[in-house]
Amino acid sequence: MSYGIAELAGAIRRGERSSRDVIEETFRDVKARDPFFNTVTRSLYDRALAAADVTDRKIARGEEIGALAGVPFGIKDLFDVRGEVTTAGSLVLRNNPPAQEDAAVVRNLCAAGAIPVVMTNMDEFAYGFATDNAHHGVTRNPRNSEHLAGGSSGGSAAAVAAGMLPLALGSDTNGSIRVPASLCGIWGLRPTQGVLPMSGVYPFVASLDVVGPFTRSPEDLRLAFSGMAAVTHGELPSLEGLRVARLGGWFKQDLDAVLDSTIDDLVKYFGTSNEVVLPEADKARAAAFVISAAEGGNLHLPRLKTCADEYDPATRDRLIAGAILPAAQVIQAHRLRTMFREQMHALMQQYDILIAPATLGEAPRIDMPFVTLNGKSVSARANLGLFTQPLSLAGFPVLSAPLRKPGAEGLPLGVQLIARPGEEELLFAVAEDLQTAGLLGYEPAAADGGN
Amino acid sequence: MSNPDRVVSEEDIRVMAQAAGISIPDYAMPGVMTNTVLLRHYMALIEELYIPDHCEPAFGYVP
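These protein sequence lines map, in sequence, to chains G and H.
If you use our numbering, the first sequence corresponds to residues 85 to 535, in order.
If you use our numbering, the second sequence corresponds to residues 1005 to 1067, in order.
By construction, these hints were calculated from the structure, which means they are not laboratory data.
Glycine included, each C-beta is placed from N, C-alpha and C at the ideal position.
Warning: the hint list may mix true and false statements.
[To be verified] According to the in silico footprint, chain H covers these stretches of chain G (three or more CB under 8 Å from chain H):
#1 133 to 145
#2 418 to 428
[Claimed, not checked] Examples of chain H residues lying across from chain G (beta carbon under 10 Å, computed):
#3 1011
#4 1023
#5 1025
#6 1034
#7 1046
#8 1048
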C-alpha cells in the first residue's frame, strides 16, 4: 500500500479500485509484513470490510461520498473504538467495558469516508519515547529494523513509514508524534492545543495532550488534519514576506552535524540566516517533565494503590515518583508555563515560522537505547524528547518534517516547524514549499525487510 | 528551594508515598528513587526562575 491519501481516495472515487479491494490488500500486506515491524496490536477486519462494502455501494448508486472515502487508517491504542476495550497499551485496563462509541476524531474521519483497519502499538500509557511495550513488544523502525521507531505513537508512525497504511493517528504530550515521525522519516502534526477534540482519547497529561496524524506527504497531512477537524480548508496562504528563524541555544546542543547544517539550509532558503534564542527553554522542558509526572501519577494513583504490579515496571516507577511530588512545585511549573507562553508569543511577533530539530539525530539502536547528552550516555526512552518537550509547554502548532538528506547512517532526520496558535495552514504551506524545493521529504535508499 | 544535591533517602520516599496512600515494595524502590532524584533536579531548575506574583498557573480551565 504505497499510495497516498489523495491518490487512493481519487482512485476509489473514480471507480478505478473498489474500496473492498483496497481494504483486503491492506490486510494482506499487514499480515505479511507486520510481524517484521510489530506495529499492530489489534485488527478491525470485520468492521473495515463492512465499511468498505458500504462505500462501494454508495459509489455504485452515485451517492455522495466523503473526501477520504475508502482510505484505510490506523489508530493508536489509546483512542476509543466502538466495541473495543481502550487499553492504552496496558494490561491494567483490560477488564474495562468496550467503548460505546468511537473517539471524536475517529468519528470525524469515518464521516469523511476513511476506514479504521488496525490499532497500533505504543509505550504503555504513552509514557515514553521508544514504543518498547512490556506487553506487546518493541516496534521496529522500517528504515532499519535494528533501530527504534520512537514513541510513544511508534506503531502508527512505523506502519505509515513501512507503507502499510497511508494514514495513522497518534497523540502527542511531550513529543509522541514528532519524535517517531522524525525517526521514521515521515510527516506528523502536533496541532494547536485544543483545536482537535479529545473526547474518547485516554489521557496521559490532560494539560499537554493533543492528537494528530502521521502521513507520507505534507499534502496528505493537511487532508488528514482537515478530516480530523471536520473542516474544509481553502487555498494555502501565501509565503510572501515570510519571516523565518531557527532556534539556537537549547536547540543546538549535541546536534547531529548533518541536521545542524541542513537547518541552516532551510533558513537560507527563505533568504535569511536568522537565529534566535527562546528564553528558558531548559526550564520549560523541566516544567513539562514535572507536570507530566504529577498529572500522570495523579491519574493512575487509585490503580497504583491496588494493582501496581500490573504496570510495566518502568512505567510504574515513573508514575509513583510523579504521584508523590509536592504540590508547590507542580503549581510553580504551571506558573512557569504562563510565562513561557508569553515569551513564545513575544518571539512570534518578530517571526512567522521557527525551525528547530525534532531529535538529536538518527534513531538509536534497539540494543543500545541511549542518546548522548553533554557527553553522557542517557536513556533514549526518557530523553528523545529533549527538543519537543519545551514546545509542548507552549501549546503552539508544530509540524514534524523529515529532511531530504539522511544522517550518517542513512536514517531519517527531522525538524519541527513552529507557527502561531491556529496557523496550521501556514505550516502546511511552508512544508509543501520546502518539499518542492528538495529540502524536505525523506527518500529511503531501500526499505528494510518486510517487502 | 529544592536542593537537587541533597540525598533522597528511602525513608523520605516512603513517607511521601504513605501520605499519598501508596505502599512501595522493595523491588520498586530503586526505580522510584531514580525517578524521584530526576524530578528533584527538574523541580530545582524551575524553582530558580523568578516568577512575578501576578503570573498565574496555566491550568487552562475555562468555565
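Hint-by-hint comparison with the structure:
no.	hint	verdict
1	133 to 145	violated (count 0)
2	418 to 428	holds (count 7)
3	1011	16 Å, violated
4	1023	7 Å, holds
5	1025	6 Å, holds
6	1034	8 Å, holds
7	1046	4 Å, holds
8	1048	8 Å, holds
In the structure shown, a violation is registered for the earlier hints numbered 1, 3, in ascending order.
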